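Student: Chain by chain, the residues run as shown.
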Amino acid sequence: MSVLLDVQELQTRFKVRKGYVYAVNGVSFTLEEGETLAVVGESGCGKSVTMLSLVRLLPPAASIENGQVLLRGEDLLQLDLRQLRDVRGGQIGMIFQDPMTSLNPFINIGTQMAEPLIYHRGMSKSEALARSAELLEMVGIPDGEARLREYPHQFSGGMRQRVMIAMSMSCEPAVLIADEPTTALDVTIQAQIVELVKALRDRSGVAVIWITHDLSVVAGIADRVIVMYAGYIVEEAPVDALFEDPRHPYTVGLMGALPSLEGETGTRLTTIGGSPPDLEDLPDYCPFHTRCPYAFDRCRTENPMLELVADASDRGHRAACWVDIREVEVQSNGAGASS
Amino acid sequence: MSQTDNGNSAPLVRVENLTKHFSVRIGAYGETKATVHALDDVSFNVQRGETLGLVGESGCGKSTAGLTMLQLHRPTSGQVFFDESEVTGLSDKALRPLRRRMQIIFQDPYSTLSPRMTIGNAIGEPLWLHELATGQEAQERIAKLLDDVGLNPAFAFRYPHEFSGGQRQRVCIARALACEPEFIVCDEPISALDVSIQAQIINLLQDLQEEYHLTYLFIAHDLAVVRHISDRVAVMYLGRVVEMAPKEKLFDNPLHPYTNALLLSVPVPNPRQERQREHTVIQGNVPSAISPPSGCRFHPRCPLAFEPCDHEVPEWREVEAGHWVACHAV
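Respectively, the protein sequence lines represent chains E and P.
Heads up: take any position in the first sequence, counting from 1, add 785, and you land on my numbering.
Heads up: take any position in the second sequence, counting from 1, add 88, and you land on my numbering.
There may be inaccurate statements among the hints.
As the list claims (entries may be wrong) - Simulated crosslink set (EDC-like; lysine to aspartate or glutamate; CA at most 20 Å straight-line):
| # | chain 1 | residue 1 | chain 2 | residue 2 |
| --- | --- | --- | --- | --- |
| 1 | P | K335 | E | E965 |
| 2 | P | K335 | E | E818 |
| 3 | E | K803 | P | E250 |
| 4 | E | K983 | P | E250 |
| 5 | P | K181 | P | E219 |
| 6 | E | K983 | P | E366 |
| 7 | E | K983 | E | E965 |
Hint data in this document are derived by calculation from the structure and do not stem from the laboratory.
Model, not experiment: these values are computed from the prediction.
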């Protein structure tokens, strides 16, 4: 497989009254053709800002300080806005978390769906509407032609998310960025949407970046996973390796914090004590050390790089940690309370 | 958490045929009157010291059930008994001493704390309202409560904006605990929090339950969390409870097709298992509670639906000890 998207040393920060908030701090990753990459982390870890930086869909206070975003060899950060418009929605499709707010309530579904087809594909309005009706049926909304005349409030949350998916896929993008697409949905609807995206991916061969905070969703959809914390990638691995042999203490903590539908109950959940750090300075220490049960002196003075883990079962398994957690015994597992 | 439903001890809360309808106006100009059937003919018990989990999708009436039990909504019909005495129909004044004994924790710790009140005052307010403590004694109680929920007692003079979501939820828990309640409705207390913080709050709720012998009604949509924290679980669909059982029975042997569909929808955090698992996804959406389907409300989406399902409401019956279900096909 060949590399479709190559992101190098991406840095994005926000100007705030007191200085800067360092949201993305030198993030590098690649996405191969047809691959599904999951990006996992808690709120504020920089996962959405990273992906929005790729297409520069950032608020005015944000600036990209450094980095390259190569889509098939072309650096998206060097494009002017006109060229970038062809990428947004054309080569890179996006789905956002909240289907209630990402559609315009005053414009009917048909007009909204036709817009990218007219803009990117040069279709006439009637061609675009006919194609939109097909797309609606493709994402499981029956009677597409009639529903094109309806407005967003006439659709349920799950249906609106289907409309968003149909729109984002309409110009046959090479990359689909899905930013927490199922977080606002109920579990049965979430399962429907996950199955839909998988089916569309398998049919069209689109590469997917799936941003989520929910590790369980990742297991079912991803080929590879990136775990982010405080604006850094702390672990990167193929999905099986990540779940069977997680190496970063943060990943281990996240997995322990998940209650499961199987196995013993009545055990306590392991927790990660404390809460994520402010991002007001670029740290010269490991950003996780205050919450890490394995932390030792070096963690407080040097920020580890993302490096291949010891005895990796896969060459793509990297982690940013000074400790080989398999060799260290932990006495107490980050005892719950934060204060 | 040892006392589960064994039928011997009297339940702390008993709900009988509880119904709550809301009148709404629909149409572009609100020209049509309609009724939302939020809760219909629901009956269950909550035993002293147990955690009853209440699960279902948004709009199924689970929060309405919690609020109606506490008389924060007045029921349309049906009865609620708290510690053997009926609370439905009591005046607000007569309810007040009972309110001290039943409290609630809400989903969103951002909107449930007044931004203009220090958290010490927020936690102290129930003490003053119920005249449980004043002056120095109240301050000591507040400090103890903050300590109980894992916060520094010196935080009492700070305002909510200085705290993270998880810490605010701890404040809300301290406030609910202030007047030493017996029964707490936890209405999605962790859904607004991050995964690593969720686990902290779950552990905290369990520790407090043990220490203060609390009884919880734990409302959530996350089945894995409910399985973790509950002794018994009730599943709701469109205003009705469709199945209720001790959690082992409910999760290992779900009888109602809706429970089964819910369980199959939950992703498993194990990639190999996920790949092999059969992905039978339940079709369609939850119908409107304004005009719920006749008969069994699940029948339009049910894979097992047959002749009586579309016109006969299935009976709520106990199929084996402690395992209740409402389905014609079981």
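Student: Against this structure, judge whether each hint is valid.
Tutor: Structure-based check of each hint:
Using a Cα cut-off of 20 Å, the hinted pair P/K335 and E/E965 is violated, with the two alpha carbons roughly 30 Å apart. In summary, the hint linking P/K335 to E/E818 is not supported, as the alpha carbons are separated by about 44 Å, beyond the 20 Å threshold. For the suggested pair E/K803 and P/E250, the alpha carbons sit about 16 Å apart, so the restraint of at most 20 Å is met. Proposed proximity of E/K983 and P/E250 is contradicted: the alpha carbons are some 42 Å apart, above 20 Å.
A distance of roughly 15 Å separates the Cα atoms of P/K181 and P/E219; the hinted pair therefore holds under the 20 Å criterion. Between the alpha carbons of E/K983 and P/E366 the distance comes to roughly 14 Å, so the proposed pair stays at or under 20 Å and holds. With a C-alpha separation of about 15 Å, the suggested pair E/K983 and E/E965 falls inside the 20 Å cut-off, and the hint holds.
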